[in-house]
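Taken in order, these protein sequences are the chains called A and B. For the first sequence, our numbering begins at 2 and goes up steadily by one. For the second sequence, our numbering begins at 3 and goes up steadily by one.
If you're looking for bench data, these hints aren't it; they were derived computationally from the structure. Idealized CB from N, CA, C, for every residue including glycine. Any given hint could turn out to be false.
What the hints assert, rightly or not - Going by beta-carbon spacing under 10 Å, a handful of chain B positions derived as facing chain A:
{"no.": "1", "residue": "F27"}
{"no.": "2", "residue": "R29"}
{"no.": "3", "residue": "F37"}
{"no.": "4", "residue": "R73"}
{"no.": "5", "residue": "R269"}
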Amino acid sequence: MSAAIWVEKLSKQYKLGHANPTLRDRISGMMTLDFLREKPEEETLWALRNVSLSVQHGETVGIIGRNGAGKSTLLKILSKITYPTSGSTGIDGRVISLLEVGTGFHEELTGRENIYLNGSILGMPKKEVKRQLDAIVEFSGLEKFIDTPIKRFSSGMRLRLGFAVAAHLDPDILILDEVLAVGDAEFQKKCLDTIQKLRASARTILFVSHNLAAVENLCERCIWIDHGEVHMDGKSQTVIKDYMGSMRKSTAAVMDLGETQNRRGNGKIRFQGLEFLSPEGIPQKVIRAGDPVVMRFHYRVHEPVSFPSLGFRMHTETGALVTETSTSHHGIYIPSVALGTGYLDLEIDCLNLLAAKYAISLWATNQNGSLVYDNVENAVTLEVDAANPYGSNFVIDGRFGIVFFPQKWDLTGMSGHVQSTPDTLMNSNESLTRD
Amino acid sequence: MSTTPIVSTMALDRGYMRRDSMAEFWRYRELLYFFAWRDIKVRYRQAFLGTSWAVIQPLFNMVLFAGVFGRLAHMPSNGIPYPIFSYCALLPWTYFSVVIGLASNSVTNNHSLVTKVYFPRVLLPAGTALAGLLDFVVASLLLVGMIIYYHLKVSWLILLTPLAVLLMVLLTLGVSMFLAAISVRYRDVKYVLPFVIQLLLFATPIIYPVTMVPKRFRPILALNPCWGMVDSFRACLLPNQPVDLKLIAVSIGLTFVVFVGGFLYFRNSEKSFADII
Numbered sequence: 002m003s004a005a006i007w008v009e010k011l012s013k014q015y016k017l018g019h020a021n022p023t024l025r026d027r028i029s030g031m032m033t034l035d036f037l038r039e040k041p042e043e044e045t046l047w048a049l050r051n052v053s054l055s056v057q058h059g060e061t062v063g064i065i066g067r068n069g070a071g072k073s074t075l076l077k078i079l080s081k082i083t084y085p086t087s088g089s090t091g092i093d094g095r096v097i098s099l100l101e102v103g104t105g106f107h108e109e110l111t112g113r114e115n116i117y118l119n120g121s122i123l124g125m126p127k128k129e130v131k132r133q134l135d136a137i138v139e140f141s142g143l144e145k146f147i148d149t150p151i152k153r154f155s156s157g158m159r160l161r162l163g164f165a166v167a168a169h170l171d172p173d174i175l176i177l178d179e180v181l182a183v184g185d186a187e188f189q190k191k192c193l194d195t196i197q198k199l200r201a202s203a204r205t206i207l208f209v210s211h212n213l214a215a216v217e218n219l220c221e222r223c224i225w226i227d228h229g230e231v232h233m234d235g236k237s238q239t240v241i242k243d244y245m246g247s248m249r250k251s252t253a254a255v256m257d258l259g260e261t262q263n264r265r266g267n268g269k270i271r272f273q274g275l276e277f278l279s280p281e282g283i284p285q286k287v288i289r290a291g292d293p294v295v296m297r298f299h300y301r302v303h304e305p306v307s308f309p310s311l312g313f314r315m316h317t318e319t320g321a322l323v324t325e326t327s328t329s330h331h332g333i334y335i336p337s338v339a340l341g342t343g344y345l346d347l348e349i350d351c352l353n354l355l356a357a358k359y360a361i362s363l364w365a366t367n368q369n370g371s372l373v374y375d376n377v378e379n380a381v382t383l384e385v386d387a388a389n390p391y392g393s394n395f396v397i398d399g400r401f402g403i404v405f406f407p408q409k410w411d412l413t414g415m416s417g418h419v420q421s422t423p424d425t426l427m428n429s430n431e432s433l434t435r436d
Numbered sequence: 003m004s005t006t007p008i009v010s011t012m013a014l015d016r017g018y019m020r021r022d023s024m025a026e027f028w029r030y031r032e033l034l035y036f037f038a039w040r041d042i043k044v045r046y047r048q049a050f051l052g053t054s055w056a057v058i059q060p061l062f063n064m065v066l067f068a069g070v071f072g073r074l075a076h077m078p079s080n081g082i083p084y085p086i087f088s089y090c091a092l093l094p095w096t097y098f099s100v101v102i103g104l105a106s107n108s109v110t111n112n113h114s115l116v117t118k119v120y121f122p123r124v125l126l127p128a129g130t131a132l133a134g135l136l137d138f139v140v141a142s143l144l145l146v147g148m149i150i151y152y153h154l155k156v157s158w159l160i161l162l163t164p165l166a167v168l169l170m171v172l173l174t175l176g177v178s179m180f181l182a183a184i185s186v187r188y189r190d191v192k193y194v195l196p197f198v199i200q201l202l203l204f205a206t207p208i209i210y211p212v213t214m215v216p217k218r219f220r221p222i223l224a225l226n227p228c229w230g231m232v233d234s235f236r237a238c239l240l241p242n243q244p245v246d247l248k249l250i251a252v253s254i255g256l257t258f259v260v261f262v263g264g265f266l267y268f269r270n271s272e273k274s275f276a277d278i279i
């Protein structure tokens, strides 16, 4: 194996602030003799600092990191869109970089015309587009609209058209930036299938994604970029585990509700905060779908109460009630609570929510709910990250609903069905194999 | 690090840009065609009169100038009917002024392309210049019609017209590349350009013959490459035109300077396009 992509000591500096001085600024600068004075120290930002890495032919490598870590800058430099401040890069092979689906689409042109234009922009010869035109149109599923100007297309249709062109490119090396972040479930599946197919034919793929489950499933290797530097480079599972761990550490905290004024109730009990803990008791901010979690309700009792009921409501971001539960729902009677602070744990073996943010409202009442001690609406946000709860290679995220159930398909009732073994499955989609 | 041949490496040296730029232009020639094709398709889509607009614009100018300067002011026109005298110069002028106006925005209008995909950026102004040639050809048909209508006796010089067209394209492309690159940094170009174009129209012997300019001022006139452009058209297409070869040579030489200068300026600034656009 040899390197398909290599990057040596790459740095990129951006100037902050006056990115685009107008002619007026320049002229007034001359008038006031600015150029004679010493130049003020300009504020700069190192988007990348001394990054070195190499990707072998046939490897699929994921790049992860927080927003602004420098992932996209790296891809832009590799794609020759922007230039490094220092360092060098090299690519061996025909490279196609897809930083966006449908780049260069023109509103006034028809779907067919845009296929030609987009193909040409991405480096596909006209002859090749012509040869593949029918396949592209069929792949997009837009046969009926192909001669309509795309200004009449919905955003989903544009995406399908753009991806249909991209899927028919034939690069040695493919660079992808967050293509999975857009589109509906069907679109996402098409993307993943296409990437799998490219992987199977030993192409080199470098892709940035915030969808950790997708990175874990598609890439053997993963590079974690943080503050413009390569923080970790290794096996996907290991890197992602550490990355998730760091996210918890940096953001986990008891959400302090002690001071919030946005509450009702007589104040005999006040919620102080809500913590999400791993089974080992480590605080977490983001929880992956299907992971176990402990919700720890911190409270302070100001006046003695008997038989209180503590609970919470969980809403989706669009306001649908996901669940409401409390100690009284479970038939638990709490004769009395000691004055001062304390906490109550709710253990969840499998958080069967799909990736999204959920708003949690807390409440404490008497046993039958007629007397409210405390009620904090939308007190805390629970962030659930996409994962793969069914243990397959498919990324199940928020596009597939709000919840998933522990479940199993039983195929014994299907006539003529041949029980598929992992072997036959692998044959039909070799690329799914993980070493 | 590797024994495989490096297909494309990028380092900071400027040599990179030059080394394989010619081969690269050749690889991207289809994209140049597609940019031009897109411009044409889009320009005349949903326009009822379509490409006839290419004739209407210079024709309207010609009728206007023929009315005002030819009829009312009795502008001399080197012994040629004034309408054809002015149209012959308005033809390259219209191409030049329309293309530089559009091309100066060609990079900024395509910022989504510039920040998302790599291609030689110079294809953007070049595509505009190529697309403009369609209008030019359509408008030329009217000139051919006028030559026939006025029974003008054309000389063998008409065979040199392709050179005049080449000169026109070089000048236009040179100015276009310069303006496209500079307007990425200074959007002021958009506002200044219409004034400059109007000024140039009158500073160039288009609607008046060069003989109206006092002899001692003509060397200054030669510093305007637009003069070389329009005068080469007149010299090729109209009979018995007085040509001051020395001054026209200066004007034409400047055209090449503008072309090379525009190209170098563009290539030099394109590296930062994606960062400042």
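Hints and how they fare:
For the restraint placing B/F27 at the interface with chain A, the shortest Cβ-Cβ distance is roughly 14 Å, beyond the 10 Å limit, so the hint is violated. Interface hint status for B/R29: upheld, as the beta-carbon distance to the closest one in chain A is roughly 8 Å, under 10 Å. Residue-level restraint check for B/F37 holds (minimum Cβ-Cβ distance to chain A is 9 Å; threshold 10 Å). Violation of the interface hint for B/R73 is found here, the shortest Cβ-Cβ separation to chain A being roughly 41 Å, above the 10 Å cut-off.
Using the Cβ-Cβ criterion of 10 Å, the hint placing B/R269 at the interface with chain A is not satisfied: the shortest such distance is roughly 13 Å.
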